[in-house]
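Student: Sequence:
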Amino acid sequence: MEKWKHNDDFHPTNFIFDASNSELYLDLEENEIREIDVFHSLFDYDLVAHIAEETSRYYKECIEKEGEVSEYSKLKRWTDTNADELYCFFAMLFLMPHCKKNTMKQYWST
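When we follow numbering that gives the first Met the number 0, the leftmost residue of the sequence shown carries the number 0, and every step to the right adds one.
No wet-lab data here; the hints were simulated from the structure. Note that this is a predicted model, so its numbers are computed, not measured. Hints may contain errors.
[As the list claims (entries may be wrong)] Simulated crosslink set (DSSO-like; lysine-lysine; CA at most 27 Å straight-line):
hint : residue 1 : residue 2
1    : Lys104    : Lys75
2    : Lys75     : Lys59
3    : Lys100    : Lys59
4    : Lys75     : Lys64
5    : Lys73     : Lys100
6    : Lys73     : Lys104
7    : Lys73     : Lys59
[Stated by the list, open to error] Okay, the calculated beta carbon distance ranges per label pair:
hint : residue 1 : residue 2 : range
8    : Asn13     : Met95     : 53 to 61 Å
9    : Glu28     : Ile62     : 31 to 39 Å
10   : Thr12     : Thr102    : 56 to 64 Å
11   : Ile32     : Trp3      : 37 to 45 Å
12   : Thr78     : Asp45     : 16 to 24 Å
A virtual CB, placed ideally from N, CA and C, is assigned to each residue, including glycine.
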């Protein structure tokens, strides 16, 4: 493994970042754009529905590999997910920093 060393010949290019090349086009005035508008433009319903389908497919593959599952296994309680459920999950993730907990486990307990 090679160790990192300083190189005086390296001069990184500083790029100017702005919205002109973002490929994100919202049909709103700049002062009207909300966080949710940006989120929905990046995670539209079709994409989230695809993520839900793939999540459910992955579960089914895991069950097939696992074979016989114990009656007490959490896998027995699985239900297929959907886009609406994933949007709720994302919302909870985004709200987590606003309610500080000591451990990650505390966020998911009642």
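Student: CA of lysine 73 to CA of lysine 100, is that 27 Å or under?
Tutor: holds, 24 Å
Student: Check whether the Cα positions of lysine 73 and lysine 59 lie no farther apart than 27 Å.
Tutor: holds, 14 Å
Student: Given the proposed pairing of lysine 100 with lysine 59, does the C-alpha separation stay at or below 27 Å?
Tutor: violated, 33 Å
Student: For the hint 53 to 61 Å, verify it against the beta carbon of asparagine 13 and that of methionine 95.
Tutor: Given range 53 to 61 Å: violated, Cβ gap about 33 Å.
Student: Has the given pair, lysine 73 with lysine 104, been kept, meaning a C-alpha gap of at most 27 Å?
Tutor: holds, 16 Å
Student: Is the straight-line distance between the alpha-carbon of lysine 75 and that of lysine 64 27 Å or less?
Tutor: holds, 14 Å
Student: Within 27 Å, alpha carbon to alpha carbon, are lysine 104 and lysine 75?
Tutor: holds, 21 Å
Student: Are the Cα positions of lysine 75 and lysine 59 separated by 27 Å at most?
Tutor: Roughly 11 Å between the alpha carbons, so the hint for lysine 75 and lysine 59 holds.
Student: Look at the Cβ atoms of threonine 12 and threonine 102 and judge whether their distance stays inside 56 to 64 Å.
Tutor: This hint is violated: roughly 42 Å between Cβ atoms.
Student: I want to verify a distance hint. Is the separation of the beta carbons of glutamate 28 and isoleucine 62 within 31 to 39 Å?
Tutor: For isoleucine 62 against glutamate 28, whose Cβ atoms are near 49 Å apart, the range 31 to 39 Å is violated.
Student: Assuming the hint says 16 to 24 Å, is it satisfied by the Cβ distance from threonine 78 to aspartate 45 or not?
Tutor: holds, 22 Å
Student: Please test the hint of 37 to 45 Å on the beta carbon pair from isoleucine 32 and tryptophan 3.
Tutor: holds, 40 Å
Violation of the numbered hints given earlier is confined to hints 3, 8, 9, 10; the remaining hints are satisfied by the structure.
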